[in-house]
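Taken in order, these protein sequences are the chains called A and B. Just so you know, the numbering used here puts the end of the first sequence at 405, numbered straight through with nothing missing. Just so you know, the numbering used here puts the end of the second sequence at 405, numbered straight through with nothing missing.
Because the hints were derived from the structure by calculation, they are not lab data. Among the hints, erroneous ones may be present.
Put simply, identical chains are the same to the list, so a pair is met inside one copy or across any two.
Under the rule of at most 27 angstroms between Cα atoms (straight-line distance), these lysine-lysine pairs were calculated in the DSS-like manner [as the list claims (entries may be wrong)]: (1) Lys369 x Lys395; (2) Lys395 x Lys364; (3) Lys64 x Lys339; (4) Lys160 x Lys395; (5) Lys339 x Lys90; (6) Lys351 x Lys90; (7) Lys69 x Lys17; (8) Lys7 x Lys104; (9) Lys42 x Lys104; (10) Lys90 x Lys210; (11) Lys33 x Lys218; (12) Lys17 x Lys369.
There are 2 protein chains.
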Amino acid sequence: MRSDFKRISGGVCAPKGFKASAVQVPIRKLKKDLALIVSEKPAAIAGVFTRNRVAAAPIEVCKAQLKKSSLCSAVVVNSGNANACTGEKGLQDAWAIVRETAKTLGVPDSQVFVGSTGVIGQFLPIDGILAAIPNLCASLSRDGGGDVAEAIMTTDTAKKEMAIEFELEGKSVRIGGVAKGAGMIAPNMGTMLAFITTDINIAQPLLQKALSAGVQKSFNRVSVDGDESTNDMALLLANGLADNALIAEEGDAFERFQAALEFVMVELAKLIARDGEGATKFVEITVSGARSEHDAEVMARTVANSSLVKTALHGEDPNWGRIIAALGYSRIDFLPEKVEIYFGDAPVLKQNFQIVLDEAKAKAELSKRDVSVRINLNLGECSATFWTCDLSEKYVEINGSYRS
Amino acid sequence: MRSDFKRISGGVCAPKGFKASAVQVPIRKLKKDLALIVSEKPAAIAGVFTRNRVAAAPIEVCKAQLKKSSLCSAVVVNSGNANACTGEKGLQDAWAIVRETAKTLGVPDSQVFVGSTGVIGQFLPIDGILAAIPNLCASLSRDGGGDVAEAIMTTDTAKKEMAIEFELEGKSVRIGGVAKGAGMIAPNMGTMLAFITTDINIAQPLLQKALSAGVQKSFNRVSVDGDESTNDMALLLANGLADNALIAEEGDAFERFQAALEFVMVELAKLIARDGEGATKFVEITVSGARSEHDAEVMARTVANSSLVKTALHGEDPNWGRIIAALGYSRIDFLPEKVEIYFGDAPVLKQNFQIVLDEAKAKAELSKRDVSVRINLNLGECSATFWTCDLSEKYVEINGSYRS
């Protein structure tokens, strides 16, 4: 089914009518850190936000904007400073960015959204940011997607963007996406920054529905360290310029869009896991044979979040005991004696605790850059896949000194 | 209140009527790995066991024994092999150890309990173990407490034992305890091996009640890596030789015993956190000003389990933002703007996000071996303390190669 989603370049600028830019302001020293995405026609917008009780100022602002109009012309994002735990002044700063951008672009205040990522508890260098906005707006370009991908990076080591094109009822529709996130990534909610653009013509409630469902199967299924950020958000903008007949209810067209969107989001999610802080391996964990998708998802997540499993994978140690122990504390009911475990194509454990581990074969699978762990519960027909990375000494090194 | 619990030596052999021994069997190569604790008079026994759905064979055996008689004459424990995920043969092996020990000591089968810790998914070298039991029983000594503490160690770097003495209605009562656990320690349930002996005279239901309550405030409040073992157990033996009037109902005597027991268990729990795999710091996290003890406990646990907090502490980085972010995803309702945070005596964050962090002072607190993090929610009167350690490169190194 997915084979007809054609990959194209351009990231968030790939869909019709989107431009982007990025500039350097006095937050980080060595790279662009303030980004702008603009839709020439006000786009329907959907959002998913962190469930962290300590939500950053930009999260509050976006939630308020969504309630007002659910139309969006621009998204402004900075990296290097989270604008979280900054109280009233933090909120004022975020609103000031909204107003200055709206004024410069000549759009209503209600159509500008903001995002931040970085260190908690420091005020934004707001004067520098406001002073940079005219230049940011003047630099907008159809080629700006990559600049946004770079500007929102913090400890990320690689840009995370992608775009696809597909046919819908004779029209060509595009979806582009950009994400950041390498640490503080947890499998509940937004989990990072992601901005997705599309030129599809769709009613806002369905746009929100597609985003919320997609997040469950993509960003909520990656995990780097189990920590949940104060700033996570995923925004999805649809400006309608693909000129397809408005999707106003569920049906074939909606399902096709949802599948395409999920494809983009899963690819972005995998890029995040692949770039986990200190990661030397990309790990795909699949639990099958479960009684429900929920069971499979919880168990895959528990294995993915186990420090002992992640360090064993780092050490290329086929220590399946830690995997079954993690399944055991997932609080999901299952029969341990029915469990089967594979590393890649190498079987390790068969039913009734039959250990069929071939150390050399298992080591060979685990020595790859991309590792797959497959667990069959042999209880039902449901499955779920989760993406994570190994836990390395480098993770500790990075996070022991991030602030400094 | 606790000042009149006099610390004494002897570990599990400190209370009257207990002996212990340890020998080397062909499991581990360099140290004693099979231990025995014996009460000369059958003791009332209470137990708390892992909630991991994948429970090891010795867990199943102990649960069955407890249902039969709740009397115990002997506990046999091996390290280096968990006897978990070993199916029917694993159970047979555990029962064979029970029978051989009972026969050698001349006590009923129902009065022998077993425990194991180590690698999952390998069969015990059962012939070697059975052959060693006569020698193990012949070596029993009033001085054997330390041998047990050593024999149950796996990745532990230090023995964990303690004993106290206190007066109860004119009688001298003793409690001794031994524990192991450095990795795969999580804050739910048993979380490690702990064997506690006492010569108090108490009815079994009250003994179980005291143990279960004590576990909640001690072993369930330490965390090294958030993983929960297949083999966790805490056993408490009371042989009555202190000759106090039988404690058959709740009241002053029971409360005094419970306080003494909790004191011993908390000290053992702290020893476990202090010896966390790769730990360079012992960390005490206290959440106060909570609406309930449950709220305080969940929040302290969430902070203690955050990889980002633990790496920051390792790096001696006063990164309070990660602490408040962890509070935020604890799913407990609170007001972020009321939170106050201290590192030791150094205030870091006051109400309304007033950052009072003095970097030099905070660094000085964090550079200590014992670090305290105090969080005041300013919402209520309840508090809870949790113990953990930092997350170091060494943890990754140890766990990347444990099996080999």
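Hints and how they fare:
1. In this assembly of identical chains, the alpha carbons of Lys369 and Lys395 lie at most 27 angstroms apart whether taken from the same copy (18 angstroms) or from different copies (23 angstroms).
2. In this assembly of identical chains, the alpha carbons of Lys395 and Lys364 lie at most 27 angstroms apart whether taken from the same copy (22 angstroms) or from different copies (22 angstroms).
3. Taking the closest pair of Cα atoms, Lys64 and Lys339 come within 27 angstroms of each other only across two copies (22 angstroms); inside a single copy the shortest separation is 46 angstroms, beyond that limit.
4. With identical chains, the CA atoms of Lys160 and Lys395 are at most 27 angstroms apart within one copy only, with a shortest distance of 20 angstroms there and 30 angstroms across copies.
5. With identical chains, the CA atoms of Lys339 and Lys90 are at most 27 angstroms apart between copies only, with a shortest distance of 16 angstroms across copies and 57 angstroms within one.
6. For the identical chains of this complex, Lys351 and Lys90 are inter-copy neighbours only, at 16 angstroms across copies versus 59 angstroms inside a copy, given an alpha-carbon limit of 27 angstroms.
7. Taking identical chains as interchangeable, the C-alpha atoms of Lys69 and Lys17 lie at most 27 angstroms apart only when both belong to the same chain, with a minimum of 25 angstroms there against 74 angstroms between chains.
8. Taking identical chains as interchangeable, the C-alpha atoms of Lys7 and Lys104 are never at most 27 angstroms apart, the minima being 37 angstroms within one chain and 74 angstroms between chains.
9. Taking the shortest Cα distances, Lys42 and Lys104 sit within 27 angstroms of each other inside one copy (16 angstroms), while across copies they are farther apart (86 angstroms).
10. Proximity of Lys90 to Lys210 under the C-alpha cut-off of 27 angstroms is found in neither arrangement, the shortest distances being 33 angstroms within a copy and 52 angstroms between copies.
11. Taking identical chains as interchangeable, the C-alpha atoms of Lys33 and Lys218 are never at most 27 angstroms apart, the minima being 31 angstroms within one chain and 50 angstroms between chains.
12. Taking the shortest alpha-carbon separations for Lys17 and Lys369, neither the intra-copy value of 39 angstroms nor the inter-copy value of 58 angstroms comes in at or below 27 angstroms.
Consistency with the previously given hints fails for numbers 8, 10, 11, 12, ordered from lowest to highest.
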